Amino acid sequence: MARKGLDFVLGVCLAVALATGSASAADKVKFTLNFAADPGHAAYIYAQKQGYYRDAGIDLEIEQGRGSGSTVQLVAAGQTDVGLADAGVIVNLAARGAPVKIIGIIEQLSSWAVIVREDSPIKTPKDLEGRKLGVVPGTAQRALLGAMAGAQGVDVAKIDIVNFDAAASLSMLGEGRVDAVIDVPDIMFPRLKDRGIPVRALYMRDFKVPLVSMSLVVTEKMLQERPDVVRRFVAATLKGIKATMENPAAAVSALLEVYPDAGKRDAALFTVTERAKNNYCAPDSVGLGLPSQKYLDASYEVMTKFMGVSSDKPFSAYFDTAYLPNPPLVCATK
Amino acid sequence: MDGTGTTTQATAVAGASIRLEGVTKSFGENMALGPIDVAMEPGEFVTVIGPSGCGKSTTMLIAAGLLAPTAGVVKVDGRVLDRPMTDVGIVFQDHLLLEFRTALSNVLLQQQIRHLPRQQIETRARDLFAQLGLNGAEKRYPRQLSGGMRQRVSIARALVHNPSILLMDEPFGALDAITRTQIRHDLELLWLERRMSVLFITHSIEEAVGLSDRVLVMSQSPGRIVEEIRIDLPRPRPAHLGEYPQFAAHADRIYSIFEKLGVYKFK
Amino acid sequence: MGSRSASFLPTLSVVVVLSVWEFASRYLGISAHILPAPSVFCRSLVENAPILTRSSLITLQAIGVGFGVGAVAAIPLGFSIGLSPALERSLYYVIVLLNTLPKVALAPLLVVWFGHGLVSKVVLIAIGAFVPVLVDSIAGFKYLDRRLLYVSRSAGASLFQTFLFIRLPAALPHIVSGLKTSLIIAVTVAIVVEYVAATDGLGFVAMRAVTNDDLPLVFATITVGTLIGFGVNAVMSVVEWLLLPWKGA
Chain W
1 MARKGLDFVL GVCLAVALAT GSASAADKVK FTLNFAADPG HAAYIYAQKQ GYYRDAGIDL
61 EIEQGRGSGS TVQLVAAGQT DVGLADAGVI VNLAARGAPV KIIGIIEQLS SWAVIVREDS
121 PIKTPKDLEG RKLGVVPGTA QRALLGAMAG AQGVDVAKID IVNFDAAASL SMLGEGRVDA
181 VIDVPDIMFP RLKDRGIPVR ALYMRDFKVP LVSMSLVVTE KMLQERPDVV RRFVAATLKG
241 IKATMENPAA AVSALLEVYP DAGKRDAALF TVTERAKNNY CAPDSVGLGL PSQKYLDASY
301 EVMTKFMGVS SDKPFSAYFD TAYLPNPPLV CATK
Chain V
1 MDGTGTTTQA TAVAGASIRL EGVTKSFGEN MALGPIDVAM EPGEFVTVIG PSGCGKSTTM
61 LIAAGLLAPT AGVVKVDGRV LDRPMTDVGI VFQDHLLLEF RTALSNVLLQ QQIRHLPRQQ
121 IETRARDLFA QLGLNGAEKR YPRQLSGGMR QRVSIARALV HNPSILLMDE PFGALDAITR
181 TQIRHDLELL WLERRMSVLF ITHSIEEAVG LSDRVLVMSQ SPGRIVEEIR IDLPRPRPAH
241 LGEYPQFAAH ADRIYSIFEK LGVYKFK
Chain A
1 MGSRSASFLP TLSVVVVLSV WEFASRYLGI SAHILPAPSV FCRSLVENAP ILTRSSLITL
61 QAIGVGFGVG AVAAIPLGFS IGLSPALERS LYYVIVLLNT LPKVALAPLL VVWFGHGLVS
121 KVVLIAIGAF VPVLVDSIAG FKYLDRRLLY VSRSAGASLF QTFLFIRLPA ALPHIVSGLK
181 TSLIIAVTVA IVVEYVAATD GLGFVAMRAV TNDDLPLVFA TITVGTLIGF GVNAVMSVVE
241 WLLLPWKGA
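Residue numbers (my numbering), protein chains in the order written: chain W, 1 to 334; chain V, 1 to 267; chain A, 1 to 249.
What the hints contain is simulated information worked out from the structure, not anything from laboratory work. Remember, predicted model here, so these are calculated numbers, not experimental data. Please note that the accuracy of each hint is not assured.
Ranges between beta-carbon positions, derived for each pair [claimed, not checked]:
| no. | chain 1 | residue 1 | chain 2 | residue 2 | range |
| --- | --- | --- | --- | --- | --- |
| 1 | A | Asp145 | V | Asp77 | 28 to 34 Å |
| 2 | A | Tyr92 | V | Gln120 | 46 to 52 Å |
| 3 | W | Gly57 | A | Ala234 | 51 to 57 Å |
| 4 | W | Gly130 | A | Tyr92 | 55 to 61 Å |
| 5 | W | Asn163 | A | Ala49 | 35 to 41 Å |
| 6 | W | Pro198 | A | Val210 | 56 to 62 Å |
If you want the ones that stay clear, here's a sample from chain W, every Cβ over 10 Å from chain A, calculated [what the hints assert, rightly or not]:
| no. | residue |
| --- | --- |
| 7 | Gln50 |
| 8 | Gln64 |
| 9 | Gly65 |
| 10 | Arg66 |
| 11 | Gly69 |
| 12 | Leu74 |
| 13 | Glu118 |
| 14 | Val156 |
| 15 | Ser171 |
| 16 | Gly174 |
| 17 | Arg177 |
| 18 | Arg195 |
| 19 | Asp228 |
| 20 | Lys305 |
| 21 | Asp312 |
| 22 | Pro327 |
We treat Cβ as the ideally placed atom computed from N, Cα and C, and that holds for glycine.
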């Protein structure tokens, strides 16, 4: 009798120990976004809400960021485990010695475009010659313009380039002080619509400017010490991307639940839907997180030619594909 | 023994004797003072008078032990002074009250620093305020008081702990003539009652003759004592000294010494 | 009558400015995306009250801790430098350097060292608050009439008594004036650093509002920031009145 009671107590203890043991065994990971939470981040929040990280044994903390450069530095300094940052920025800093590596390219296509008013005579990049184009100095915009001009045979010298602050972009175009701006339509369109300015976009990706964008970045130390955690993190993240592509509205709800100030619902839904449709999978990509080698090479050429990235090493020196799911999570592109 | 013998109250104190023996002071190569010899009897009121810059203030600081002499010694009651004298009250030309303390609190600074019994010192302070015509000024800050009142508070601060020595460096120099005459009289009454030794620095002949037992006349750089005048006149002394021939005679003598020294150049 | 007009006139001028503003925004066709009417951003103020309150508390915490750390470090150092010309000579250029340092430009560096969050903000605010308190403390402790020390020495005061009864209260008006300058700097640095490098606080909300093209919220944030400025100034005035009763007497 007493023996049975003891067995029972031991059994309970064992069960409790196992339960708490497995809970505390979840690996803590801190993930820093490239910027303050915006609709472009819905997929990561959604993945967390859906429990993909928890299921992968990861106790995830998502932290907002203040620019890709800052996020990469936080990763390099060990202030955070994983960062989300622009590939060009990561490669630039890695080329200058930051001990970091890209482990997955989430946004295989950038959203950059030349935005013009609906009734503008500008129909092709060539039409920009002789027009006023607004550009924010110190951003990728100028480099993208160069890349696009090179690919399309446009003479940049003939474009009247106006420098202005990012916050002024909307009103510059709205008041007709410039004929075009370079910006991200999936964020800008709802705002321009809000102001009653009808616009359209000439996407860089349609003019042979392939450019990989938001990517996951970790330190080489993290890859050596916690390879398995990295692998599980990447898989859970890509699962979230896939889920977001399938259900953008649910992803937006998850985002706004955690960050109510991340944007207005309809605008956010527009952004998330656009990203899901256009950004996560480049043509011929191997799968989520991994574009084709040909596309990567073309993308790297844009970086080295127009974005000041050193071409001393091949892109593969900065991108370790070993942590992506195998077999790859194929894009569900139609 | 000291011959003053006018102790009438428990609060009264006998003064201490001060001796400056062969004291000199140089600042760098510049000999500013001396050598001088001063011998003050306990309870004696001694004035040092001289033109500006003759080293009067330096003499007082040396006597207080606040400035080390270049040569010579200071002795208080026969003992060599090798640190700042503490059985002392000092009054400067500017009142030097702490602007952040009320009048009474400025006086009670002595009690706080010296760890004296609060009750007793406060009673004494209030008595001094009454004697000095400071009734109602207790809770006022220095900037709310007139120049004369500030200087009276500063005298109260110098006396509240009943020191046996009072050092005064041109204490009435910044006051108007009417205030000066009154405050001189008030000081004399306080001294008569307490009989501390007073070393009084001034350039006013009227103050010197009106207050002192003995006047030491100093010459200019380096400052030396060139004359000693004993003022054997009854106390308390009157407001208007000019009416009394004895005072006039003493004053004349100081004037003539100053003329001889070249302080005055009258034709 | 004098005191009535003293409070009446400023109130009137504020009302006039707001009315003209409201009128201009409504009837002169000034877009809400350029200058939202007071009624519009007041509504935003009410609608966003929870986040504005939460963010203000975060900002106030950073201001409080940063200002406290800066001031607590500056006063004893100011005392040491004020009393030691040798120390002043050796640290002079360090102080000048600290003073001219573009503090906000340090923000990205601090973020790399300490991450986003309280520590980075506190370090930056503390540096900003440190210098004015230091400079004024040095002045306060340095320029003391030597003869006041004669008074304390001839009373047999110990070094500590001289500090407590003479040096500290004499330096206090300078220190308080340094504290007042610093506090304004602390508020500004806090909001600016949140705007450029943090992920929470009032400045961050303002940055979000700007990037989200939410001008009414931008103005609401500016209003709250101004109120914080007024608030901490008022607290400082009370502290000044308590510390320097003789100034107001």
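Practice prompt. Take a quick look at W:Val156 and tell me if its Cβ sits farther than 10 Å from every Cβ on chain A, holds or violated.
Written response: The claim stands: W:Val156 keeps its Cβ more than 10 Å from every Cβ of chain A (closest is about 28 Å).
Worksheet item: When you look at the beta carbon of W:Glu118, is every beta carbon of chain A farther off than 10 Å?
Response: Since the minimum Cβ distance to chain A is about 19 Å, W:Glu118 lies beyond 10 Å and the statement holds.
Worksheet item: Against chain A, does W:Gly174 keep a CB gap of more than 10 Å to every residue?
Response: Violated: least Cβ distance 8 Å, not greater than 10 Å.
Worksheet item: Taking the closest pair, is the beta carbon of W:Ser171 still more than 10 Å from chain A?
Response: At roughly 7 Å from the nearest Cβ of chain A, W:Ser171 sits no farther out than 10 Å, so the non-interface label is violated.
Worksheet item: Is it true that the C-beta distance of W:Gly130 to A:Tyr92 lies inside 55 to 61 Å, as the hint says?
Response: Holds - the Cβ-Cβ distance for W:Gly130 and A:Tyr92, about 58 Å, lies within 55 to 61 Å.
Worksheet item: Does the claim that W:Gly69 lies outside the interface with chain A hold up, using a Cβ gap greater than 10 Å?
Response: Nearest chain A Cβ is 8 Å from W:Gly69, so the label is violated.
Worksheet item: Once the closest CB in chain A is found, is it more than 10 Å from W:Asp228?
Response: 25 Å, holds
Discussion item. Tell me if the beta carbons of W:Asn163 and A:Ala49 are separated by a distance inside 35 to 41 Å.
Written reply: With Cβ atoms ~38 Å apart, the hint holds.
Worksheet item: Is the Cβ of W:Arg177 more than 10 Å away from each Cβ in chain A?
Response: 13 Å, holds
Worksheet item: Beyond 10 Å from every Cβ of chain A: is that where the Cβ of W:Gln64 lies?
Response: 4 Å, violated
Worksheet item: Does the no-contact call for W:Lys305 survive, Cβ to all of chain A over 10 Å?
Response: 28 Å, holds
Worksheet entry | C-beta pair A:Tyr92, V:Gln120: status relative to the range 46 to 52 Å that was hinted | 49 Å, holds
Checked against the numbered hints above, the structure violates hints 6, 8, 9, 10, 11, 12, 15, 16, 18; every other hint is satisfied.
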